[in-house]
Structure formats: C-alpha cells, structure tokens
Amino acid sequence: LHTLGGLQYLGLELPEDRYGAILRYQTDHDEAGRATSCGPRTSRLMVKVLLEEVQRLAIPVLTSATVIKLLHQRDENGEDRVAGAILATGHRAHNPWGLAIVTAPNVVLATGGPGELYRDSVYPHKCFGSLGLALEEGLTLTNLTESQFGIGTPRSTFPWNLSGTYVQVIPYIYSVDAGGNEYNFLADYYRTTQELASNIFRKGYQWPFHATRVIDFGSSLLDMAVAQEQQSGRQVFMDFNRNPEPVPGDLPFSLDRLDDDVRAYLENNDALAPSPIKRLQRMNPLSISLYKMHGYDLTTQPLQFAMNNQHMNGGIEVDIWGQTSLPGCFAVGEVAGTHGVTRPGGAALNAGQVFAVRLARFIGCTQKRNIDGDIAQLAAPALASIREIITQAHDNGTGMPLSVVREKIQARMSDHAGFICHADKVRRATRDALLLNEFVQRHGLAIKHVGEVSELFMWRHMALTSAAVLTQLTHYIDAGGGSRGARIILDGDGNSIPQTRNGFCDAWCFRSERTEDKKDKLLIHYCNGTFHVRKAPVREFPIIRGIWFEKNWPGFLNGTIYQPQDK
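With my numbering applied, the sequence shown covers 5 to 571.
These aren't lab readings, by the way, just hints derived from the structure by calculation. Please note that a few of the clues may not be correct.
Pair by pair, the computed Cβ-Cβ distance ranges are [said to hold, decoys possible]:
{"no.": "1", "residue 1": "R261", "residue 2": "L66", "range": "55 to 65 Å"}
{"no.": "2", "residue 1": "K429", "residue 2": "N99", "range": "43 to 53 Å"}
{"no.": "3", "residue 1": "L561", "residue 2": "D301", "range": "52 to 62 Å"}
{"no.": "4", "residue 1": "E544", "residue 2": "G10", "range": "22 to 32 Å"}
Keeping only pairs whose Cα atoms sit at most 27 Å apart, straight-line, the calculated BS3-like set for lysine-lysine is [claimed, not checked]:
{"no.": "5", "residue 1": "K429", "residue 2": "K539"}
{"no.": "6", "residue 1": "K52", "residue 2": "K296"}
{"no.": "7", "residue 1": "K130", "residue 2": "K452"}
{"no.": "8", "residue 1": "K522", "residue 2": "K539"}
{"no.": "9", "residue 1": "K412", "residue 2": "K452"}
{"no.": "10", "residue 1": "K555", "residue 2": "K539"}
{"no.": "11", "residue 1": "K412", "residue 2": "K130"}
{"no.": "12", "residue 1": "K412", "residue 2": "K523"}
{"no.": "13", "residue 1": "K522", "residue 2": "K429"}
{"no.": "14", "residue 1": "K429", "residue 2": "K412"}
{"no.": "15", "residue 1": "K282", "residue 2": "K130"}
{"no.": "16", "residue 1": "K296", "residue 2": "K282"}
Beta carbons: idealized from backbone N, C-alpha and C, even for Gly.
Go ahead and model the full structure; you've got the sequences and the hints to work with.
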C-alpha cells in the first residue's frame with residue numbers, strides 16, 4: 005500500500021471515484037478486480053514520476069551505460085560477494101573501448117526481461133535484461149520455463165499487447181492469405197457466434213495464453229487458432245469497424261446474445277454501442293490515440309497482430325529481501341524470478357515497487373560497507389577477460405556476426421520454445437543452443453567497430469540465456485512435466501485433447517500439468533561451462549495468524565527481521 009501511495013505522492017494520477025477510492029478492474033489471472041490504470045501508458049508515467057524524484061534528489065545517473073561484468077571480492081569471512089561492476093559506455097574519451105569501473109558494496113539488477121530472446125516479441129527493441137550476466141557470474145536462476153505469450157502488434161510496427169478494452173469491445177478477427185482472400189477462421193473453432201464473441205471479450209482479462217483455457221472452448225483456443233493461421237502463412241487482423249462474422253449456420257452477432265458476464269461488463273460501462281470502434285471510444289479513447297501516435301488509425305483501418313512473447317516470469321532466484329545467491333547483489337522487477345507461473349496482470353509492476361522498497365531498506369539497515377583494497381587489482385581479472393573478448397571479436401574472421409547470432413537465437417526460441425512446445429523437438433533445439441553457446445565462447449562473435457562493444461556482450465549473454473532456458477525446459481519435459489501457465493507441451497501420448505467446432509484436434513494433444521510439479525521450483529546455475537539443474541521446494545507462504553504485535557514488534561525495533569529465520 006505504501007508503494008502505491010508513494011507513487012501517488014510523487015504525482016502519479018491514479019483514477020478515483022468521488023469518495024476517493026481508487027478505481028479498479030479485472031485483469032489477467034485475476035478474479036477480484038485488483039488492477040488500476042492511468043491508461044495505456046501507465047508504466048511510462050510511473051517511470052516519469054520516479055525519474056523526476058531521482059533528479060530532485062540529485063542522484064547521479066550514467067546514461068548510455070551497460071553492465072557487462074560484475075566485480076567480486078572476498079569479505080572478512082572469506083565469502084565471495086559483489087564489489088561493483090564494469091560498464092560499456094558510449095564515452096570513449098578516457099579509453100578506446102568506452103569502459104568504466106564502478107565500485108559498490110551492493111549492486112541491484114533492475115534490467116527487465118530478455119526481450120531479444122524471441123523473434124515474435126512485443127518487447128521494444130534492445131531489451132536484453134541481465135539473465136546472461138547473472139549466469140556468467142555464477143548466480144542461481146529459477147523457473148526459466150515460465151514466460152508469458154499473447155496477442156499483440158508486431159515489433160516491426162508498434163509492439164503492444166492487444167489486451168483490455170482492445171478486445172473487450174469485441175472487434176472482428178479474421179485472416180488474409182497471399183491472394184487477399186479473407187477468412188473468418190475463428191468460426192472453425194468455436195461452436196456458436198455467442199461463444200466466439202464472448203471469448204474474444206475474455207482475452208481482455210485472460211490475455212496471456214494459458215494451457216488450461218484451450219480445453220472446453222476457452223479463450224486460449226483463440227491463441228492456438230491465431231498461431232495456426234500464422235503457420236499457414238496468413239496474416240491476422242482485427243477490425244474495429246466490424247462486429248464478428250457469425251459461425252456458419254448460427255445466428256449473427258448481437259449484443260443481446262453474449263455470455264452473462266460479458267453482457268454485464270459492457271452494460272455496466274455504458275458500452276452497448278453498435279460497433280467496436282464506438283464501444284472503444286466510449287470505454288478507452290486513449291487506446292485509440294496511442295495507435296494514432298504510431299501511424300495507425302483504428303477508426304479507419306484494421307490492425308494486424310500476431311502471437312508474441314511478452315514477459316519472463318522466471319528469472320534470478322532471490323530471497324524475501326531481493327538478494328541473489330551472490331551476497332550484495334540484488335535483483336528486482338522482471339529480471340527477478342518472483343512472478344510465478346500465472347502472475348496476475350500488473351503484478352510485475354507491483355513486485356518491482358515492493359521489492360525495490362524492501363531491498364533498499366535491507367541494504368540501508370544491514371549492508372553498509374566499504375570496498376577495500378586497490379581498485380586496479382580488484383578489477384584486473386575481469387578487465388583481462390573483457391579485453392580478451394573484445395580483442396577476439398574486433399575484425400574476427402572466424403567469429404559470428406551479431407546479426408547472425410541474433411537470427412539463430414530468436415528463430416530457435418520462437419519456433420521451439422514459444423507457447424507451443426513439441427515434447428520431441430525441444431531436446432534437439434537445446435542441443436543446438438548449447439552448441440551455439442559453445443561456439444560463441446570458443447570462437448567469439450565478430451564486430452566491426454568499438455561502438456558495438458556493448459551489444460557484443462549482450463549477445464554473448466543472450467546465447468547463454470537461450471541455452472539456459474532450453475536446458476531447463478528439456479529437463480522439465482524429460483522428467484514428465486506437463487503444460488502449465490503460458491506453455492502447452494504437445495505430445496501424441498498426452499492426456500488432454502482440445503475440441504473445436506469440427507471435433508477433437510488430435511494434432512494438439514498435450515500433457516496436463518502434474519500435481520507434484522506445483523510443489524517445486526527449478527533452479528539452474530552455470531559453472532565451468534556446464535549447466536546444473538535441480539529442484540527445490542517453493543517458498544511457503546508465511547502463517548499470518550502466527551504474527552502477533554507484541555511478539556513481533558521487537559524484531560522490527562532491533563533489526564532481526566533482516567536476519568535469516570534459521571538464525
């Protein structure tokens with residue numbers, strides 16, 4: 005609550021009713037209406053008010069700087085801990101490679117998700133995250149098998165999720181082949197026009213693909229259908245000027261023929277206008293303005309979209325204070341593995357705010373220390389490694405160009421580790437990813453200019469990240485793991501078969517999630533060129549009833565709340 009209140013205090017204008025209550029709505033994996041919004045640019049507005057506070061406090065900010073290596077130091081107990089970082093910057097006045105050293109007793113990784121992993125992605129370009137850096141530095145990562153995928157406009161145009169009111173206004177969704185022929189393809193999957201229209205609506209708050217919603221004509225059957233059209237070479241569109249076309253042999257679309265929850269939502273929001281665009285103008289006019297800013301007028305033209313990768317739910321393993329397996333190194337936001345299999349929409353933003361406050365308190369109360377010793381000596385091993393990598397890459401005749409490694413990684417991840425995974429194909433993709441990572445480590449990548457140093461390290465890290473994701477995914481599948489969250493594991497011997505209007509779809513036979521897999525998380529770390537995967541029990545939810553004021557107040561006063569419970 006205080007992080008939400010803090011954002012409001014800093015100037016984030018969350019909508020309220022006349023009594024001062026924050027307006028809320030239902031979002032992904034949410035049955036209670038736990039979300040609020042300032043419109044389609046909420047996260048940008050959050051960053052704006054936080055950055056303005058950073059500037060007000062005169063906190064130094066290094067621009068055009070990317071961490072490529074962490075510094076390590078032994079503490080008084082001989083334990084390895086972080087001691088700072090080496091950065092690649094755009095400033096080469098002091099050294100030809102634009103490197104910088106920052107010493108610090110604590111380093112917080114808040115770099116977002118690995119947006120460059122997938123070809124089909126709604127991340128903005130050049131979102132690399134720091135999972136590869138974490139693996140390279142020996143940190144433990146968790147649940148890299150868990151991601152989010154859903155419908156959105158492609159990166160080649162304006163990458164954006166088509167969730168919320170974009171689909172709650174129930175636009176017409178269709179595909180077009182190379183000859184310009186139009187297909188009402190969803191009519192091949194849903195039994196009635198009412199069922200089809202109601203499931204388009206439900207993508208508003210069931211936006212991420214979810215394996216269980218493929219069954220019983222659920223909303224994720226739409227995602228499978230869109231992917232099938234893409235694989236057939238067709239382009240998929242939504243048209244806000246047309247209501248859905250009917251299922252053959254059924255009644256036409258009507259606002260009077262919708263599932264009860266869908267009809268009630270539109271009615272409660274005074275959105276019973278005759279066309280999708282008029283309903284959108286009523287419910288969320290800012291969503292129309294957003295696309296118009298990027299050259300798309302939803303009032304006059306249909307919008308092309310596709311299935312895309314959107315979020316990494318796994319990430320770096322952290323404790324309850326956000327500290328990683330490397331003491332002094334913290335992770336927060338999407339890069340931290342705190343979001344679970346089916347995180348509610350917006351929980352990444354909330355977790356980022358809450359963990360940022362928690363780790364700041366933890367650092368302020370327990371982690372104040374100095375970096376001792378000679379800085380040149382401290383940084384020498386890391387700098388030697390960096391120098392070797394850059395020297396090898398510069399005009400490297402045998403190295404792989406950055407564009408080639410990008411294409412290989414993104415194609416493999418989108419084709420074999422997307423939301424549809426074939427149990428018998430993931431292992432081969434893993435082998436190829438491991439071979440690529442080995443090639444990168446042994447022969448290096450190739451750059452033409454020192455201005456590419458930052459991306460050189462980012463793509464080395466992405467090769468490592470891709471290999472880690474696929475290694476953990478193979479481990480999970482080979483151990484009998486089934487479909488959960490945003491991945492469906494197709495297997496001819498599976499125990500679940502989706503139905504469409506035309507009957508059972510045997511090609512989509514899949515494994516269901518096993519109950520025993522819900523009790524564990526998968527951990528992975530990288531050591532001496534080898535990945536090590538193991539299971540660990542998920543963290544137990546604290547027993548709230550066992551927390552009493554008088555009993556627990558001293559822990560807050562004397563700081564023992566920051567100590568591990570076993571101590």
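Hint by hint, here is what the structure shows:
1. R261 to L66: 55 to 65 Å: Holds, since R261 and L66 (Cβ atoms, about 58 Å apart) stay within the stated range.
2. K429 to N99: 43 to 53 Å: With a Cβ separation near 46 Å, K429 and N99 satisfy 43 to 53 Å, so the hint holds.
3. L561 to D301: 52 to 62 Å: holds, 60 Å
4. E544 to G10: 22 to 32 Å: The hint (22 to 32 Å, Cβ to Cβ) holds, given that E544 and G10 are roughly 29 Å apart.
5. K429 to K539: Within the cut-off at roughly 23 Å; holds.
6. K52 to K296: holds, 22 Å
7. K130 to K452: With Cα atoms ~19 Å apart, K130 and K452 stay inside 27 Å; holds.
8. K522 to K539: holds, 11 Å
9. K412 to K452: Since the Cα atoms of K412 and K452 sit roughly 20 Å apart, the hinted pair holds (cutoff 27 Å).
10. K555 to K539: It is violated: about 34 Å lies between the C-alpha atoms, which goes past 27 Å.
11. K412 to K130: Between K412 and K130 the Cα gap is close to 16 Å, so the pair holds against 27 Å.
12. K412 to K523: violated, 34 Å
13. K522 to K429: Holds, at about 24 Å.
14. K429 to K412: holds, 16 Å
15. K282 to K130: violated, 36 Å
16. K296 to K282: holds, 16 Å
Hints 10, 12, 15 from the earlier list are contradicted by this structure; the remaining hints agree with it.
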